[in-house]
Every structure is written in structure tokens, then in C-alpha cells.
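Engineer: So the chains spell out like this:
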Amino acid sequence: MTGAALYAALAAASHCAAGCSQKEAVWHSGKLTLYRYRPIARPAAGGVPLLIVYALVNRPYMMDLQEDRSLIRGLLASGLDVYLIDWGYPDGADRFTTLADYIDDYLVGCVDYVLKTHRLNALNMLGVCQGGVLSLCFTALHPKCVRNLITMVTPVDFQSPADLLSKWASKIDVAAWVGDGNVSGDVLNQLFLSLMPFRLMHQKYVDLLAGSPDRERIENFMRVEQWIFDSPDQAGAAFREFVIWFYQENRLVKNRLEIGGRKVDIHALQLPMLNLIGKKDHLVPPAASAALQRLVGSDDYTMLEFDLGHIGMYVSARAQREVPAAIARWLAPR
Amino acid sequence: MQPFAVRMESRIVDHDLWRQWQAFAALLSSANPTPQARSGRDGGVGFAPFIDAAERFTAAARAILDGAGNASARTADEAARTFSDFLREQFADFQMPWSAGLGAAGIQPGPMENSPAIGSSREHQQRWQRTAEAWRRTDDARRRLQRLWSDTLSEAAIAFAARLGPAGAAAVSAEAVRKLYDSWIECAEEAYARAAHGDAFCEALSEFVNASSQWRREVQASIEHSAKLLDLPTRSEINTLTRRLRSVEEQLRAASKTPKPRAPASGAKRASGAKRARRRVKP
Numbered sequence: 005m006t007g008a009a010l011y012a013a014l015a016a017a018s019h020c021a022a023g024c025s026q027k028e029a030v031w032h033s034g035k036l037t038l039y040r041y042r043p044i045a046r047p048a049a050g051g052v053p054l055l056i057v058y059a060l061v062n063r064p065y066m067m068d069l070q071e072d073r074s075l076i077r078g079l080l081a082s083g084l085d086v087y088l089i090d091w092g093y094p095d096g097a098d099r100f101t102t103l104a105d106y107i108d109d110y111l112v113g114c115v116d117y118v119l120k121t122h123r124l125n126a127l128n129m130l131g132v133c134q135g136g137v138l139s140l141c142f143t144a145l146h147p148k149c150v151r152n153l154i155t156m157v158t159p160v161d162f163q164s165p166a167d168l169l170s171k172w173a174s175k176i177d178v179a180a181w182v183g184d185g186n187v188s189g190d191v192l193n194q195l196f197l198s199l200m201p202f203r204l205m206h207q208k209y210v211d212l213l214a215g216s217p218d219r220e221r222i223e224n225f226m227r228v229e230q231w232i233f234d235s236p237d238q239a240g241a242a243f244r245e246f247v248i249w250f251y252q253e254n255r256l257v258k259n260r261l262e263i264g265g266r267k268v269d270i271h272a273l274q275l276p277m278l279n280l281i282g283k284k285d286h287l288v289p290p291a292a293s294a295a296l297q298r299l300v301g302s303d304d305y306t307m308l309e310f311d312l313g314h315i316g317m318y319v320s321a322r323a324q325r326e327v328p329a330a331i332a333r334w335l336a337p338r
Numbered sequence: 003m004q005p006f007a008v009r010m011e012s013r014i015v016d017h018d019l020w021r022q023w024q025a026f027a028a029l030l031s032s033a034n035p036t037p038q039a040r041s042g043r044d045g046g047v048g049f050a051p052f053i054d055a056a057e058r059f060t061a062a063a064r065a066i067l068d069g070a071g072n073a074s075a076r077t078a079d080e081a082a083r084t085f086s087d088f089l090r091e092q093f094a095d096f097q098m099p100w101s102a103g104l105g106a107a108g109i110q111p112g113p114m115e116n117s118p119a120i121g122s123s124r125e126h127q128q129r130w131q132r133t134a135e136a137w138r139r140t141d142d143a144r145r146r147l148q149r150l151w152s153d154t155l156s157e158a159a160i161a162f163a164a165r166l167g168p169a170g171a172a173a174v175s176a177e178a179v180r181k182l183y184d185s186w187i188e189c190a191e192e193a194y195a196r197a198a199h200g201d202a203f204c205e206a207l208s209e210f211v212n213a214s215s216q217w218r219r220e221v222q223a224s225i226e227h228s229a230k231l232l233d234l235p236t237r238s239e240i241n242t243l244t245r246r247l248r249s250v251e252e253q254l255r256a257a258s259k260t261p262k263p264r265a266p267a268s269g270a271k272r273a274s275g276a277k278r279a280r281r282r283v284k285p
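Going down the list, the protein sequences come from chains P and Y.
Convert by adding 4 to the 1-based position in the first sequence; the result is the number in our numbering.
Convert by adding 2 to the 1-based position in the second sequence; the result is the number in our numbering.
Please keep in mind that the hints were generated in silico from the structure rather than gathered at the bench.
Glycine residues also receive a C-beta, built at the ideal position from the N, C-alpha and C atoms.
Check before you lean on any hint, since a few could be wrong.
Said to hold, decoys possible - Each pair of labels, with its calculated beta carbon distance range:
# : chain 1 : residue 1 : chain 2 : residue 2 : range
1 : Y       : A223      : P       : R322      : 51 to 57 Å
2 : P       : G264      : Y       : K230      : 32 to 38 Å
3 : P       : R322      : Y       : A256      : 45 to 51 Å
4 : Y       : Q127      : P       : H19       : 52 to 58 Å
5 : Y       : P235      : P       : A272      : 44 to 50 Å
6 : P       : K148      : Y       : A223      : 48 to 54 Å
7 : P       : R338      : Y       : L234      : 55 to 61 Å
8 : Y       : R196      : P       : K267      : 36 to 42 Å
So that you can see chain P by itself, here it is in the shape it has in the complex (with noise of 0.2 Å):
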């Protein structure tokens, strides 16, 4: 590619918005929306709704990128109805809100939502990332509000040996570092970035310079990007709990984490549980998830691997193939 065609492809990119699939916000709590998807297809038997719980450090929309890199497409048309929690960007007033607030009131309340709406006792909850933790936990508090729980590179036991994050962690003084106030998006870029800074800060430049000009790569480069690094601040107080309790403690692992006064308890999750693991995740090792299989009690649980990276799990073509109709093939009979 010549430098003109990727500067003019990159410049007609630049304002290129994420999101495909058409939304609607049904519920609000703070700075929290509750969406739920339109369908595409004619709903799956049983039509429990799946609620989706995303990480609180990165964006949703990375779950309904474009259209043939969308997660929640592949779920719309493989028929389920489909809920997307959006937590927003916290700032200086959200410093003190807490893993309980985040797990036992917004969390609480989009599943009373769905639940009201479709008169159900319990639906389907998909956990991502770090909102694969939070579903946990709200699994283990409110075990008949949810019918099936599926985890997404979910991190579990925080202290597996390639767990890198997890080594620079050990020794920081949580509570000195965040003090009063929230975590910067940006330093927590600058951390994500360094875990393998020579593929993540240069040879994904030198490969977008490499390749063909062709508008939908580009697009689907800068998209990826925007997202990146469009990272909210975090919630001081959460920040420090999920750093101190998770990382440094291993508290899920070791069963001794308590939210708002009450115990998580995992080892009691009797549910259908279904645990998706990236092979080559850089972020979540696929150790760290795998651990959740030897914690819960529940006999109906299933663990699949796919050979991809923790954001190729979103984003890339065998995702899209592979992903969704995994999970709508778990759901059917459950």
C-alpha cells in the first residue's frame, strides 16, 4: 500500500462509528443503560432472554463491533433475545461506588428489569472479562435469578503462574495508588499495553502499514482502535476492591470474598455453567479460567477453548463462526 491510499483510507476511516445492531434503552440507573436488541430472527425455543454483563474497563460496543465482526449479531440471528449492560464513564462524583454497589444495585436492578419484563423467575447472563467476575458473584448472591451462566475469558483464579498482570500487582500499595480518587482510563492503557509492548505499540502499526488498502481492513483497524483506547475511568472504590480482593488476595479462589457483608459463595453454584477460554489470551490466561471448573459444584458445566487471543474472541472471523453458535448450542436444551 502506498502511504497516500493508507492516509486517505485511514483519514475516511477516522470518524467510522462502532455498533451495528439496531437497540433500544429500556432502563437507566445512574450513569448505567440497560439495552435490549432487536431480533433478527425468529426467537429460540424457550425465549429466556440473555443478559449481557461487560467488563467495567473497556466499552460494550466492542460486543457489536460491525457487522460481520459482532458477537450479539451471531446470538440475534441464532434467535435469543439479547440484553447489553452499558455501566458508562464514571467520573469524580462515582469514586466511592463500590463492587457491591456496581454487583448489588445497578446488576440487581437490570436483572429485575428483565426479569419483570418477561415475568420470569430467572434468565441466562453472559459474563465478560472482568463481567464474567461480577456475574459470578451475582450468581453465587441471587442463585434463582439466573437459569444458566456462561463466562467469557473470565478471569477466576487471579494467581496462575503466566498471569502477568497479576505479578506487577503483588506488591503495589492498592490503596496509596487510587487514594481517594477514580483510575485513569489512560494509565490503565498505558498497563494493558505493556504486557506485550512490542506487538501492541509497533507491529500492529507496521502490520496495518504492510497490508492492502482495502476500506473495510481499514475500517475494521480503527474501529478495533477507537476502542482500544476509549477507557473509562475506573470507580476508585471498585477499582481498589477488585484489584486487592481478586488479584492480590484470590479471594474467589480461596472462598473469602464477602460483597456488601454477605459471602460469594461459587463452590455452592449449582446452575448449568458454561466457561468460554481463549488459548492464546494474553490478558486472562487460560489457566485462570480454566480454574473455575475445580471451584463450582454445579455438574452441568462446560468448558470450551478456542485457539484465539483474548480480543480475537470478540472481534475476529472464526469468532464470528464459531462463538455465538456455541453458545446458542449450549442454551437450547438448557
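Since the structure of chain P is already known, use the hints to place chain Y on it.
Structural biologist: Using the frame of chain P, we list chain Y on its own:
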């Protein structure tokens, strides 16, 4: 990864990456006519840093690929070493989180750092001393991290030179240049992973973050002291008000709970009621 093929089939670069990167860099520079963009070295300006490095890489790769076919094994080894040294130097100032340090905002430790704090300004003297000490610790940790980074690049350069082999040359094609580049990245990531998982790196990084946190806390205290003198609101006061508001909200939520027995989805229902109460008190 296998060492590169030794055969020399063509000396013609069929697709001149260097030229197109150069053209691209020129376009970006004209679109971003800032000193940083022109320098091509600042991490905050789009593509400039990697284009600069990619250009230099391509030129050096062409030199080694061109020369290897005509040179003795010894000369080729030297060329490989020169090339890997060049790569090490290229990435030496790569922008990592600790690279910026405290910059101009840092307080240079002065003679008062260890002097006894006495008199009416004793508390302020001590705070300045703590600030200076935190800055010194931060800077020490940053230097340790830079040394580890430099060691990583040296290790990567050695591994890369070994991969090139005794007469490591391939046809001078865009593909060969690209393979060299990918091999370098692989060596660099492997060396970095070994360092980043090590105790020395983790300890230096922790010290950098912890000392920076202390420095920020001390500076914040100094600024708040000045703000109070001018009767300006401080962050601590706003935090106190925010905590009081949260406390009021929690009391409202607790008061809104009815003593009904729990239904199966009672957790959700009760919280929903609480949510309504919360919304009422929010502006």
C-alpha cells in the same frame, strides 16, 4: 522460528516499504505540523515513532541482506551483530509507562532534605522532605526499570543475531525484510516476558508506583494547604460531602425497604425499590 534462508536470488526490493513509509510519514507530518510530529519521536503523535523506526529498520535490513551474499561468514556475523545493536538502540527510548517519570513537576532533592525540621513551619518542612524523598525513590525506581528495559533489548539483540545465523541472508525482498522484522519482534517479546515476570522487574515497578503515589499524596497536601489559606474548596472537602451524600442515600434505601417476606427473586425486587429511592434524592 527457523533461521532465514541463506540463498541469494534477487537483490531487487520488489516493493519498497521504506519509500512508502517515508511518504506516509511525510503526509502525517503535514497534517500534524507540531514540533512533536516533526520530530517523529514522540509517543503521543500517532504513527510518527514507529514509522521512523520502521524506516530505519528497513534501511538496515536492506544493508544486511544486500551485504550478506557477497561477504564472508565472519563479516556476516559482524553485520548481524551491528544490525541487532542498531535494533537495541532503536527501541531504547520506547515509551513505557515509567518513561515519563515525574518530569518537570518533580521536586529535586536539595540540602534541606535531611535537615532537622524546627520552628513554626516544622510540619511544612517535613512534608517537603517527604515529597523530596518520594521523588527520589520514584526516580530511582524509574532508572531501575530503564536498566531492565535496556537489558531486555540486549538479550533480544543477542537472540536475534543468533537467529540470523552465520550468513543470515535471504533474497532482498519485501517478504525477507518483513520476516526480519517479525523475528526481531518475537525475540524482543520473549526477552521482555522473561524480564517482566521476574522479581526484579516486579519490585521495581511496585516501588515506582508506590513512591509515585506517596509523592502525589504529599503534593496534594501542599496544594490543599495553600487552597485553605485562600478559602478555596479542596478535594478532601468535596470527598467528605460525597461520603455524607452516600450515607444519606443508604439510609433512604434502608428506610424504603418494606418488611415483606422474601420472594424467590427478592434480592432483585428489593434493590429495585432502593433504586427508585436513590433516584429521588439525586439531582
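Engineer: Go through the numbered hints given earlier and state which of them the structure violates, listing their numbers in rising order.
Structural biologist: Result: no hint breaks.
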